[in-house]
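Participant: Modelling step: build the complete structure from the supplied sequences, incorporating the hints.
Residue numbers (UniProt numbering): 1 to 227.
Because the hints were derived from the structure by calculation, they are not lab data.
One thing to keep in mind: the hints can contain errors.
In silico EDC-like pairs for lysine to aspartate or glutamate, Cα to Cα no more than 20 Å straight-line [unchecked claim]:
| no. | residue 1 | residue 2 |
| --- | --- | --- |
| 1 | 138 | 116 |
| 2 | 198 | 100 |
| 3 | 138 | 125 |
| 4 | 138 | 111 |
| 5 | 138 | 156 |
| 6 | 138 | 191 |
Cβ-Cβ distance ranges computed for the label pairs, FRET-style [unchecked claim]:
| no. | residue 1 | residue 2 | range |
| --- | --- | --- | --- |
| 7 | 131 | 55 | 49 to 55 Å |
| 8 | 132 | 161 | 16 to 22 Å |
| 9 | 76 | 100 | 22 to 28 Å |
| 10 | 132 | 9 | 42 to 48 Å |
None of these values were measured; they are calculated from a predicted model.
Glycine included, C-beta positions come from ideal geometry on N, C-alpha and C.
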Amino acid sequence: MTRPGQSRTDRVLAEWVWAWALSRGTPDPVVEPDGYRIDVGLPGHRVRYLLPDPDAVGPRAAGLTEPGTWLKVCGPVERVRPALDSRWTIRAPEYLMSVEPATTPPAAPPDSYTVESHRTGDVYDVVVRAADGGHAAKGRLAVRGRAAAVDMVETDPAHRRRGLGSVVMAELSRIASTGGAARAVLVATEEGLALYRKLGWTVESPITAAHLAAGARHEAVIAPPGR
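Facilitator: Here it is in structure tokens:
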């Protein structure tokens, strides 16, 4: 599951990689000399490579040609962009984050909202429902060994600014702690960074993501947040 001589960043990335694969139902990651590979198998997201060292980007990217190939690299865009040619589209910044899960009482949602949790094996889905029964917010936790990945946290636009994201995160943290996880990990977008920092999460590394799109022919550009 891990590579020899790992740095802390590599260890945290490995925890996220393996738990994320469980969350998304992909095959187990493959350990590569420079990082990890996940065969995602989706249209536009065929395979992703996860690299803890930005110095590995150039050699790895040079051998990649298939549209739907993604890179996620532990490093700022300034370190990654020079190693990518014009075939690659660079996504908006992301952040690898971690926290020690806390055992807390179940989070109380605002009036008229209810919280549900459902378990499938070692994957837990938390849903906050509005009074009409619709999904107001949700999130997923996948526990693998002593690590747990938080994934797919989302609040419906009509229900934002009501603390529902914090409710979801508190419940996921409680589940992670009671499930035996020593560390929770996630990859945050710029939009979610402030919330996670407020909840005690620490940035382990900036993440730069890039992908090969079908027929891409232009210089690499910064695109909105993606997968």
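Participant: Check each numbered hint from earlier against the structure, then list the numbers of those it violates in ascending order.
Facilitator: Those not satisfied: there are none.
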